[in-house]
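Undergrad: Two chains, two frames, a set of hints: combine them into the complex.
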Amino acid sequence: MTQHGAAVEGAVRRLLAAPLNTLLSLLVIGIALTLPAAGYVLLDNLREVGKSASGVQQISLFMAVDADRKAVAEIESRLGQAGAGKWRFVPKEDALKHLKGNEGMAEIVASLPRNPLPDAFIVEPADAAPEKLEALRQTMAGWPRVAHVQLDSAWVKRFDAFLRLGKLAVTLLAALFAAGLVAVTFNTIRLQVMAQAAEIELARLIGATDAFIRRPFYYFGALQGALGGLLAAALVAVAVRVLAGPVAELAALYGGAFILRGPGLVDAGLLAGVGAVLGWLGAQLSVSLSLRRFG
Amino acid sequence: MIVADHLTKRYPGGFDAVKAVSFEIGAGDMVFITGHSGAGKTTLVKLIGAVERPTAGSLLVNGQNLSALRSSALPYLRRHFGLVFQDQKILFDRNVMDNVLLPLQIVGLPRREAVRRAQAALDKVGLLDREKANPIALSGGEQQRLAIARAVVNRPSVLLADEPTGNLDAESAADIMAIFESFHQVGVTVVVATHDHHWIERYRPQVLRLDHGRLA
Ligand SMILES: Nc1ncnc2c1ncn2[C@@H]1O[C@H](COP(=O)(O)OP(=O)(O)O)[C@@H](O)[C@H]1O
Ligand SMILES: [Mg+2]
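As given, the protein sequences belong to chains A and B, one line each in that order.
For the first sequence, the numbering used here begins at 1 and goes up steadily by one.
For the second sequence, the numbering used here begins at 1 and goes up steadily by one.
Hints are computed from structural coordinates only; laboratory data are not their basis.
Be a bit skeptical, because a hint or two may be false.
Listed next, the in silico SDA-like pairs over lysine to any residue satisfying Cα-Cα at most 25 Å (straight line) [claimed, not checked]:
no. : chain 1 : residue 1 : chain 2 : residue 2
1   : B       : Lys19     : B       : His195
2   : B       : Lys89     : A       : Trp87
3   : B       : Lys132    : A       : Lys92
4   : A       : Lys92     : A       : Arg114
5   : B       : Lys89     : A       : Leu205
6   : B       : Lys132    : A       : Pro19
7   : B       : Lys132    : A       : Glu199
8   : B       : Lys89     : A       : Ala197
9   : B       : Lys89     : A       : Gln3
10  : B       : Lys89     : A       : Ala17
11  : B       : Lys132    : A       : Ala17
12  : B       : Lys89     : A       : Ser290
13  : B       : Lys89     : A       : Asp210
14  : B       : Lys132    : A       : Ala198
15  : B       : Lys19     : B       : Ser67
16  : B       : Lys89     : A       : Glu9
17  : B       : Lys89     : A       : His98
18  : B       : Lys89     : A       : Arg190
19  : B       : Lys132    : A       : Glu9
20  : B       : Lys132    : A       : Leu16
21  : B       : Lys132    : A       : Arg13
22  : B       : Lys132    : A       : Ala18
23  : A       : Lys97     : A       : Ala82
24  : B       : Lys124    : A       : Glu199
25  : B       : Lys124    : A       : Leu205
26  : B       : Lys132    : A       : Gln3
27  : B       : Lys132    : A       : Glu201
28  : B       : Lys89     : A       : Ala198
29  : B       : Lys89     : A       : Lys92
30  : B       : Lys132    : A       : Val8
31  : A       : Lys70     : A       : Arg145
32  : B       : Lys89     : A       : Glu201
33  : B       : Lys89     : A       : Phe212
34  : B       : Lys132    : A       : Gly5
35  : B       : Lys89     : A       : Glu199
36  : B       : Lys89     : A       : Ser288
37  : B       : Lys132    : A       : Ala195
38  : A       : Lys167    : A       : Leu243
39  : B       : Lys132    : A       : Gly10
40  : B       : Lys89     : A       : Gly10
This is chain B alone, in the form it adopts within the complex (with noise of 0.2 Å):
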């Protein structure tokens, strides 16, 4: 369902981040991008999460080419991911339930409804006793639980996740991984980019090696 071939990224000023990479990642799949600091790994999820296009080779996503889109198109084509981002980009003006809700205002559902999925979203991350609470006073593991809700409130089909235990502790990213782990139970897509071997040898997803934007 997710289909790069020869994909490229080269950001203004002539630096190729992503260069010439091909791969498939089947639906339901559980993949791993792993590789050095700088190695390509944000940008490789932000081009498979259409916030960033390719500048060469094709990506398709659904039989969707990114490249070819429109940029009209692309908010609805962004729907279909879930994105946990390196900086999580929670906002702190608001509470837990109204970060939850963003997502859902942007595609419209009614309020109502729109509560309730929040509500099973932050339940499945174990955050539904602090929906009233700023996300500030939450801890960091807390902080990444509620960014991961926000991701799959919409109920996305691919999850998207960049390195998502890179400031917690043992404890608290091995509650993060298992969150993983139980959406791709469920038949979830997961892609999350980390340079943590431990993980690899843990859950045997597929992995995506990069080294200075090649796959190696």
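So that you can see chain A by itself, here it is in the shape it has in the complex (with noise of 0.2 Å):
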């Protein structure tokens, strides 16, 4: 006990010896782990979009152009026989009113010859079932007169791709710095195995065991580890912060109260968990290798 006590109690004094040289590892070490830690944050952050917007299913079926009110009245009947569920009818001059409602988009509407948008049906199927959906959208582009039936969750459905093309991103990049850590931290020890050869010759001719010798490095690796994990949480945590009221605007524009959320507390004992144990590795690894010229 009292031995590993000396060992960590060494590992700081060693940390702080060499202060700039600690700082440069630490930022090296801080900012490798933040790209993937940002990475999953936001990943975190945009799978809670999904969940709330899979909620919503509907379908928006836009008629041609040039398509008269029979072809809208025949629509709609076969809405009603089909048993589609709740349908809405959003005439073209009320889609047009609602885009000279926004702002900047007036002029741009004001100074069009014709109105060029649809008439259009926003049904609420009965039955939100992916399948029945799909079969439903189908069975609706096939009448006379629809241009374009679109399923809302299809951009659920894409979006969930692209959150798992992002998590392999996030976890290819993840074990990229790992990786980099590893080799910060090896190349810090081999760096303190060179300068502290004449204690660790001495040491071997008087006595001291391997894990002695070993112990003190390994602890060196975990502790710049855990502290390069710690400053990566920050740095993520100062970015939400920086980004928050942006997002926050942005979201409300688009009617939706979406918060960024940051790394908490669990997420950086995570960091400072995945630091330490890096750490610890490329400081074995480093050690194995340089003490092996000591016998």
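TA: Structure, rendered in structure tokens:
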């Protein structure tokens, strides 16, 4: 126990002994961990968006631009027969009016020679099972004078695919930077072993065990990694703080109440833990290789 | 307590530095290893101190056969010895006290007790008032006394010194030898390698005279 205490003490002393080196190493490790951590936070937030959006299932049915009243009435009756659920008719005049009310769009709309928008139905299907929705979409697409049927859950699916891709990218990034962290620790420890060659050699000669010699380096690597992890958490938290305002405004524009969530205490602890494990690993590799020449 | 039987050390490359040497050193003995430069004194000291391992023959220390010992057991055996190296191996990145503390940290002695023991060791060699000094500021004789303090701080049963008076003036050398004699007086086994015959006449120790790796 006193041996471990002394080793930790020694590791802290070594960190403090070269403050500039320590700072630089921590920055490198911190930044290396920041990128995957930020990616993870982003995905986490996007997943929340996906969750809140996936509850709404609707089908938008757009008529051909030149479809007349009769064609619209035909579709309306077919919707009733199909038992599609609740629906709302959006005449092209209403759509145009809505667009005019939009700041910035008014002038553009006014300059148009005629209404470019089609009549549309917004259908809230009674049965929201994905395969039922798809079947309904196909049926509707076959109806006369129907230009386009859009399943609004399609974007959720696409979003989901995007999230999966993002997760893969973040995982790869994390693996890459984890390797980087191990390499940085490896090099730091290698330099330390070289700087302390005299002490290590002497300690060996007067009865130090392998564990006694290695332990302080392990603790050093773990400690440096953990501090780097905490630094990464802090950097991400700051970035989230800076971005939270603009993101909330943006979300409000689209009628959402979306709050960007930063890393919590658990996330910070996790990052510190991951940093510590990787640092320990780097130290282990480094010490094993560096100590070979001491026999 | 130390029994060598046809003890041999062949260095990688094929050179036999110590050749089939047999001797016995009893507990509490004072032994000098003498011989010309290159005779094998340092090698023999390293063999006894379990720093080097024999390539042939046997070396028994307190009944343990060094040649048969597992590598993982070596550190613990080494702690029975207090070594004063020919090149001293003083660490100049820390003060006198921290140099003497190292062997105690290795055995895991609690800090408070370790400091007490280190102070006692420094006191024995007359360096207590220099405990905060950097060893670079010490004279040659003082550095040698620091090396001795570090060697004895763990209360080893055997004190091994390799040419401890080598680079010292006559007065400092006499001080150093007096310190070894005082440890011998309190029952420590003292083994000193030296090519200085002056001390043999003075202390009348048991003498192992080496000549090209053989006992002469
Ligand atoms: N590590 C080594 N590798 C090869 N030869 C060595 C090594 N150490 C010492 N020797 C050789 O062994 C012989 C004895 O050396 P040493 O024990 O240092 O003698 P002494 O201390 O009496 O001067 C010398 O010829 C020396 O060159
Ligand atoms: Mg020698």
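Undergrad: Taking the numbered hints from earlier one at a time, note which ones the structure violates and give those numbers from smallest to largest.
TA: Hints 2, 3, 17, 23 and 29 contradicted; others consistent.
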